[in-house]
Structure formats: structure tokens, C-alpha cells
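Chemist: Okay, here's what each chain looks like letter by letter:
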Amino acid sequence: MKLELGFIQIQDIQFSKECKVENGTLFVNADEVMDFIFKDDDAKACIKSASFDIARPGESVRITPVKDVIEPRVKVDGPGGEFPGVIAKVDTVGSGKTHVLRGMAIVTAGKIVGFQEGIIDMTGPGADYTPFSKLLNLVLLCEPMEGVHQHEYEHAVRMAGLRAATFVGELGRDVTPDETREFETYGVKEGMEKLPDLPRVGYVHMLQSQGLLHDTYVYGVDAKKIISTLLNPTETMDGAIISGNCVSACDKNTTYHHQNNPVVADLFEQHGKTINYVCNIITNENVYLADKQRSSDWASKLARLLDLDGVVVSEEGFGNPDTDLIMNCKKTEQKGIRTVLITDEYAGQDGKSQSLADADALADAVVTGGNANQVVILPKLDKVIGMLDYVDKIAGGHAGSLRPDGSIEAELQVITGATNEMGFNRLSAR
Amino acid sequence: MVKEIERAGIPVVHMCTVTPISMTVGANRIVPTIAIPHPLGNPALAHEEEYALRKKLVARALEALTTEVEDQTIFEV
Amino acid sequence: MSYRVVHYINQFFANIGGEEMAHVPPELREGHVGPGLAFNQAWKGEAEVVQTIVCGDSYFAEHEKDAKAQVLEWVKAAKPDLFIAGPAFNAGRYGYACSNICQAVQDELGIPVLTGMYEENPGADLRTKVLIIATTNSAAGMRKAAPAMAKLAMKLMRGEEIGASCEDGYLPNGIRRNFFDKERGSKRAVDMLVAKLSGKPFTTEYPMPSFDRVAPNKAVKDLSKAIVALCTSGGIVPKGNPDHIESSNASHYGEYNIQGVERLTEETYETAHGGYDPVYANQDPNRVLPVDVLREFEREGKIGKLHDFFYTTVGNGTAVASSKKFAAEYAQKLLQANVSAVIMTST
Numbered sequence: 001m002k003l004e005l006g007f008i009q010i011q012d013i014q015f016s017k018e019c020k021v022e023n024g025t026l027f028v029n030a031d032e033v034m035d036f037i038f039k040d041d042d043a044k045a046c047i048k049s050a051s052f053d054i055a056r057p058g059e060s061v062r063i064t065p066v067k068d069v070i071e072p073r074v075k076v077d078g079p080g081g082e083f084p085g086v087i088a089k090v091d092t093v094g095s096g097k098t099h100v101l102r103g104m105a106i107v108t109a110g111k112i113v114g115f116q117e118g119i120i121d122m123t124g125p126g127a128d129y130t131p132f133s134k135l136l137n138l139v140l141l142c143e144p145m146e147g148v149h150q151h152e153y154e155h156a157v158r159m160a161g162l163r164a165a166t167f168v169g170e171l172g173r174d175v176t177p178d179e180t181r182e183f184e185t186y187g188v189k190e191g192m193e194k195l196p197d198l199p200r201v202g203y204v205h206m207l208q209s210q211g212l213l214h215d216t217y218v219y220g221v222d223a224k225k226i227i228s229t230l231l232n233p234t235e236t237m238d239g240a241i242i243s244g245n246c247v248s249a250c251d252k253n254t255t256y257h258h259q260n261n262p263v264v265a266d267l268f269e270q271h272g273k274t275i276n277y278v279c280n281i282i283t284n285e286n287v288y289l290a291d292k293q294r295s296s297d298w299a300s301k302l303a304r305l306l307d308l309d310g311v312v313v314s315e316e317g318f319g320n321p322d323t324d325l326i327m328n329c330k331k332t333e334q335k336g337i338r339t340v341l342i343t344d345e346y347a348g349q350d351g352k353s354q355s356l357a358d359a360d361a362l363a364d365a366v367v368t369g370g371n372a373n374q375v376v377i378l379p380k381l382d383k384v385i386g387m388l389d390y391v392d393k394i395a396g397g398h399a400g401s402l403r404p405d406g407s408i409e410a411e412l413q414v415i416t417g418a419t420n421e422m423g424f425n426r427l428s429a430r
Numbered sequence: 001m002v003k004e005i006e007r008a009g010i011p012v013v014h015m016c017t018v019t020p021i022s023m024t025v026g027a028n029r030i031v032p033t034i035a036i037p038h039p040l041g042n043p044a045l046a047h048e049e050e051y052a053l054r055k056k057l058v059a060r061a062l063e064a065l066t067t068e069v070e071d072q073t074i075f076e077v
Numbered sequence: 001m002s003y004r005v006v007h008y009i010n011q012f013f014a015n016i017g018g019e020e021m022a023h024v025p026p027e028l029r030e031g032h033v034g035p036g037l038a039f040n041q042a043w044k045g046e047a048e049v050v051q052t053i054v055c056g057d058s059y060f061a062e063h064e065k066d067a068k069a070q071v072l073e074w075v076k077a078a079k080p081d082l083f084i085a086g087p088a089f090n091a092g093r094y095g096y097a098c099s100n101i102c103q104a105v106q107d108e109l110g111i112p113v114l115t116g117m118y119e120e121n122p123g124a125d126l127r128t129k130v131l132i133i134a135t136t137n138s139a140a141g142m143r144k145a146a147p148a149m150a151k152l153a154m155k156l157m158r159g160e161e162i163g164a165s166c167e168d169g170y171l172p173n174g175i176r177r178n179f180f181d182k183e184r185g186s187k188r189a190v191d192m193l194v195a196k197l198s199g200k201p202f203t204t205e206y207p208m209p210s211f212d213r214v215a216p217n218k219a220v221k222d223l224s225k226a227i228v229a230l231c232t233s234g235g236i237v238p239k240g241n242p243d244h245i246e247s248s249n250a251s252h253y254g255e256y257n258i259q260g261v262e263r264l265t266e267e268t269y270e271t272a273h274g275g276y277d278p279v280y281a282n283q284d285p286n287r288v289l290p291v292d293v294l295r296e297f298e299r300e301g302k303i304g305k306l307h308d309f310f311y312t313t314v315g316n317g318t319a320v321a322s323s324k325k326f327a328a329e330y331a332q333k334l335l336q337a338n339v340s341a342v343i344m345t346s347t
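Residue numbers (the working numbering), protein chains in the order written: chain L, 1 to 430; chain E, 1 to 77; chain S, 1 to 347.
With the rest of the complex left out, here is chain L (with noise of 0.2 Å):
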């Protein structure tokens, strides 16, 4: 499967009486893309107030509380549409071509959980550990309806975020990318034709799915409820998954992860060369043992069918999913298939402690995100997007954590993508 993506680079973002993409320069009318979120009846029925906002690398603004990063993209050519199942229709995606908007996003933000959302910083220490501070942030910020059930007001922001994203990437439909890259997976056996020497790899993706708003979407349906099975890595590239979680923010894959994913990238940049990179393998992390058992017991049967002699495993989130983490390592590498781990680490503040819940000697190949038990100060920025209300309840915050200059003293973990577990940051930890 071969799929052509064509970046269109955005240098500016300015709220405008059109909607148009024109020299690197997106210019919005908020008033338009309202209408288009709220043509949706959960929106309606959910959301009482939104509203947009700008946020710049290098302006002193915080964003919180974060729920998700969307990249703007639109589907020009061949099948699917963006985000399939959840915005449009069912069809497979990762073939043809789409327009990508680099270098921003569409953030949503707001209250949902309160202690499960993040903070996104655009200057200062906390910008260094989010990458979402080198983007141009075009953030929808809502604010529920009263009496609204949590999760009926997470799933209305989920598709709001994502329909805003749907309407600004179709603006990049008839503009002419500044670079355009392909990118092609094989058949099982075409690909041991033309790569008969390189040893077969694949990655096995780990989607969060621990319950009500804790999960994760691939093609519209809920992670929780897939057994492990393949996709090719183009559909993952091509809007295939999203978030629909509100966990830790150091270590939740936003949308835009899934979109980027890095490991995709990184094997990608191999493929042909050193490996042959074969699929993707997506499996969950479920609350009942029994479903660890069958989602791992799954992953690597699949790993071993298709004769793979390597996979890489990224992890979302942990405590729990730790363990789905090493039974997915044990019996991988039980069945010969050379693992390396991509994981975070929660070793106290002092980093005296043992970094995951599960451990085995099996794993002996780990790269870590650091560890998001480590204090950040992040000080006083001169605007906030959103509210500071739930800083001190955020995971990863204490009471306190908000000071009276206004500064945070907080975890790591209340930093949205701060320890990906993806391995999208340079952060590691020794």
C-alpha cells in the first residue's frame, strides 16, 4: 500500500473574514468554523460556549486544560476521507495522496476531567518538553453544557477537535505542497521478494483502552473492544486512529501522535535499507486480566505468523499497562523475535524508585521517555488559554502546585506529550 503525503507548511495562523490557506498563511473565520462544529447535535446538546484562540512558539501563553492536538489534513486523492468511521466514512484508508498543514494544530481545550488533561506551554521551561510549543496552535476552547455526563462531553469535544480539523485541512486541498514523500509497505510475499535479505520487522502499537474516557479509536471503533490485529502502517499515517483519552498528559498519544507516529517514521527510514518493514500490529490495554492474556497471546501469534524476526512495542500510559507492556515482550521474544520496548518511567521524584510496575529479564532492550515524576517550575506566563482551576488536581500536580506568583511547581506528567512513550521527544532518563 502506498501512500503520497504532501506538506504544506504554515507559518502564520490570522483570524480572518475568509477561510483559505495562502503563502504559508492559514486565515480563519472562527464564525465559520463554529458553524461547522456545531452542525453536529452532541456539540449542540453538550457544549455550551466555545471559542478560538491563537498561540505561537515563543508567545507567553499556557495552554490548560489540554484534551487533544489535531493535525489538519485532507484526503485529495484515492479512497477514505479524514478520521474514517468517526468523520468519515468507513473506508480503508492509506493509499492515494493527502495534504498535511505542518506546523500546526488544532488543540482542544477546556474542562473534562480536570485532573486528566494537560498544560502546553509555548515559552519557557515547560515548552522545552512539550513538542506541541514549536507549533502554531489554533485552539478551540469549550466549556460544557450543565448537567452534561463527563463522557457524553468528552465524546462532543473529541468530534468538535476533530470536525475543526476536518474543515481546516480541506483548505489545503487545492494548494500546492511545499514537499510531497511517499510512503510503501508490501505484501507478505511481495516484500520477501524484493527485500529477501533484510530481517522482517514490525511494531507493535499499544492503544490506551482502559475504560470510559480512557480509549482510544481505530476506524470508529473503540480500542477496548478490538482483538489484536494488523494495519498497514500508511492507515495509521492516514488518520486511521485517534485519542479519545484523558489520562496522564506526559504520556497520552494525542491524535496528532497517531498521525506522526515516529516509530511509523523511524521504521520508515529504515525500510529497504537495514530492515524490511512490514506492518503494524495494534493492540490494547484492558482492565480484565483475561483480556491482557488474549490481546498479548494475540499480538505475538500475529508477530510469529507473519514470520517477523523483530518488533518494536510502544506503550501508552502505565501502571497497569506495564504489564501489558512485558506480556507482549515476554512472549514476543519467547517465540524468537528480537523486542525493544518504548516506554516511560514513574521513579519518584527522587528517582530512588522503580521506574514501572512490572519487570522481566526478558526485557532486555528498553528505551525510555524519562521520568515524569520529575519536578518542573513552570513560571508565570503572561496569557491563559483555558484555566488554571484544575492545576492543583491535574495528575502529576498537589495542592499547592499552583503558587501565588502564579507560577506551577508541578510532575512532568502534567506536561501534554512530555515522556511520549512513542518516543517522539529526545527526553530519555539513566
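Any given hint could be a false lead.
[As the list claims (entries may be wrong)] For lysine-lysine, the following PhoX-like pairs were computed, each having C-alpha atoms within a straight-line distance of at most 25 Å: (1) S:Lys44 with S:Lys144; (2) L:Lys352 with S:Lys155; (3) L:Lys330 with S:Lys200.
[Unchecked claim] Simulated DEER-style distance windows between Cβ atoms: (4) L:Val384 with S:Ala140: 55 to 61 Å; (5) E:Ala59 with L:Leu230: 41 to 47 Å; (6) L:Thr180 with S:Thr204: 33 to 39 Å; (7) S:Arg4 with L:Gln11: 52 to 58 Å; (8) L:Lys273 with S:Gln41: 41 to 47 Å; (9) L:Gly400 with S:Arg299: 41 to 47 Å; (10) S:Glu160 with L:Thr92: 53 to 59 Å; (11) L:Ile227 with E:Asn42: 18 to 24 Å; (12) L:Lys273 with S:Asn15: 50 to 56 Å; (13) S:Pro201 with L:Lys301: 28 to 34 Å; (14) L:Ser407 with S:Thr204: 32 to 38 Å.
[As the list claims (entries may be wrong)] On the chain E side, residues computed to face chain L include the following (Cβ under 7 Å): (15) Val18; (16) Pro20; (17) Thr24.
Hints listed in this document are in silico derivations from the structure and should not be mistaken for laboratory results.
Backbone N, C-alpha and C fix where the C-beta goes; we use that ideal spot for every residue, glycine too.
Since the structure of chain L is already known, use the hints to place chains E and S on it.
Modeler: The following block gives chains E and S in isolation, referenced to the frame of chain L:
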């Protein structure tokens, strides 16, 4: 945590869903439970049924506490 | 004014002799001797070896108490900003002496210390106690070892925060420190996999820990006379979380009286845990902390008594060391209250 209580000399039973973690960290008496968000319940059941289920699990835990073990033991329900 | 350093070396590096002279007792010399010159050069005047203590390796091993006492006395008198020992490379007794004398100076005099040796040197067993720069296994590695030691020594003297072990070149000491690597994590993972597949060496960024074990206690003989306590890591707290237990990486535990409480209700209890969907626990907290069932067993006489207090923490992202501390603390309280069995529930 279970280990610290054990270390203090009090027999302890660990009721948890993810028994592999319990094994890794070194609990000695383990009773597997239903699911992470509701270890001792099941919202899908009627109230009486759910209570009966919880009673069965806790009774099993008490059994574990009165059973001599030499090594890490999972008391399946 | 420059920082003052006392340096510890063995008879060999002081040019006294090899194995045949390993019996010499400690000796104090002014200024630098042997490798101390390389430190001085690296410090460019900002710090200086003011005294060098020379001691035979066999002497230290056979008269450890006396040797330590003598060295401590001299170091105490010199009041240096830093005590540095070695590097010892793969010399076993020298390495043992270096890390042990460093530990003594650090613990008893409160002076920052640093040594250096090969990772398999027996002295490196103390890597979680004293900072040890990793060196090669022979003195041929001096050209690399001395500047690395000098650099970290300067950080210690200036009171700067030290970096991750791979950045500052010390043997991993059990304290995890964050740093920005050159490549992003996914690239490091793919590179590691390619190395693993081709049988080339690779280094895991997180070596798996080994967990200690505690032998099981004797079973409870007669539950009908026993006080049974409930504990949980599922974060059940009285409604409103009065003690502000954090939703993740909790800094304290809760101790709550349930005397007279027949069952936990939605109105009076909730969970503070941030790692799982709280809806079910909030609807019916007995799903995490089965007070209702234990009250029934208490009435039936199946258990003697449900303990009046329950202990609660949030297991979510909470450092193992903290949980250990909490549990060790409340286990003592349980002992004092004559609790004879504990049910611990986790989410």
C-alpha cells in the same frame, strides 16, 4: 505495600486484578479480582448479584488468610 | 581562591612500588602526587590538589579500621571542598579502598567525594552509595578517566546539579535522571532493534530491576477472634478528599475511621485515584473497599472485628519508595492495634 505489611509480621492477602504485577512485586497470598476500575464488583450485575459476587471474593480472601503458604500463591476464585 | 582537594592514591600510583610495597601504611604528602597532576591541569587553577594521601592496598584491606581512622583524621584537618580517590581501574583492592574511604569521608565528614574505576571492580559494588566515574579496565585509560573525573568533581565543588549517568560518565547509581538525548526515542528504539537483530552490542536505557521477596507469614488460626483491617491503593477517601491525596504520585496516605459505617455510599466516599475510570468506584465505593461484606462477616462472627480504621493511598504513578514508606508506617499502627490480618485491595 503488601510486602511491607508482610514484613511487619501481619499476614496479608492482596486482592487485585492484574495478578502478574502482584507476582512481580512479591505478594504471597493473591486473590484475583474482576476489573481494575471495579475490583470487587461488577456494574453489569443487579445489586444483589453484585453483592453476592463481592461476598464470594472476600470469603476467598479470608480463606487465603487462614491457609498456610510457602511460596507466592494465587487463590483462584 | 581556588577549591581545595585531598586526593587518595595507592602505593603504585605514588611510585613507591608494586605488589611488594602494598603493605605500606597511610602517608600524608603536600601537593599532588601522580594522577593529581592531571586533575590540576584540568581544573586550570579553579581547584587544586592540596594534599595527597598514599596508602598501600594490602594495608587498607588488612587494617581497614585503622587506615580509615587515619585518613579521616587528616581529611578532617584539611577541610577540603572535595575528596577524590583513584582512579583505580580494575585493581580490586585499590578500588575497594577508594570507594570505602570515599563513603567514610562522605558519611562522617559530609564532604563531597568522587572516585573512578572499571565497572566490574569489586569496589564498584558501592556505586549506589558513592559517585564512581566509569573507567576502562587498565591504567592506559588514564587520559580519558582523569578529565572525566575532574569535570564531575568541578560540578560537585561548584554545587551544580549533576547530569544523568551517561552524560557525566558515572556508573548508574540507582537514581534516575532525565536528560535530552541526541536522537528522539523512536529513532533510538529502531537503532537498538537493528543492533539487536544483527547481533551487535546495544545498551538498554532501563535495566530491569530485581524485586526482593518477603517470606509469607503464618496463616491466621481463628478468624472469629481476629481483627481484620482493610487497606487499599485504590484511593478511596471520604467525599471531598479532605487530606488532598494527589490523583497521581501521592505524597501521603489517608487513615480514616469507619467505626459504625455499615457500607460506603456514593454520598460519603469517593476515589481520588487518577489512573482509572472513577465512575464505578464513585457509584459504589464498596467495589474497591468491601466494607459492606466485612460488616456482614463481622455480624455473622466469621471475623472477630473489622478494624476501626482503613488505610488508603493512590497507587497511580506513586513511587514505589513512597508506597513502601506509607505501608511500613501504617503497618506499625496496625500492629499496635493488634490487627492480625490485612486485606489489601488494588485497582
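Chemist: State for each hint whether it applies.
Modeler: Taking the hints in turn, this is what the structure says about them:
{"no.": "1", "hint": "S:Lys44 with S:Lys144", "verdict": "holds, 17 Å"}
{"no.": "2", "hint": "L:Lys352 with S:Lys155", "verdict": "holds, 21 Å"}
{"no.": "3", "hint": "L:Lys330 with S:Lys200", "verdict": "holds, 21 Å"}
{"no.": "4", "hint": "L:Val384 with S:Ala140: 55 to 61 Å", "verdict": "holds, 58 Å"}
{"no.": "5", "hint": "E:Ala59 with L:Leu230: 41 to 47 Å", "verdict": "holds, 44 Å"}
{"no.": "6", "hint": "L:Thr180 with S:Thr204: 33 to 39 Å", "verdict": "holds, 38 Å"}
{"no.": "7", "hint": "S:Arg4 with L:Gln11: 52 to 58 Å", "verdict": "holds, 56 Å"}
{"no.": "8", "hint": "L:Lys273 with S:Gln41: 41 to 47 Å", "verdict": "holds, 45 Å"}
{"no.": "9", "hint": "L:Gly400 with S:Arg299: 41 to 47 Å", "verdict": "holds, 43 Å"}
{"no.": "10", "hint": "S:Glu160 with L:Thr92: 53 to 59 Å", "verdict": "holds, 55 Å"}
{"no.": "11", "hint": "L:Ile227 with E:Asn42: 18 to 24 Å", "verdict": "holds, 22 Å"}
{"no.": "12", "hint": "L:Lys273 with S:Asn15: 50 to 56 Å", "verdict": "holds, 54 Å"}
{"no.": "13", "hint": "S:Pro201 with L:Lys301: 28 to 34 Å", "verdict": "holds, 30 Å"}
{"no.": "14", "hint": "L:Ser407 with S:Thr204: 32 to 38 Å", "verdict": "holds, 36 Å"}
{"no.": "15", "hint": "Val18", "verdict": "holds, 5 Å"}
{"no.": "16", "hint": "Pro20", "verdict": "holds, 5 Å"}
{"no.": "17", "hint": "Thr24", "verdict": "holds, 5 Å"}
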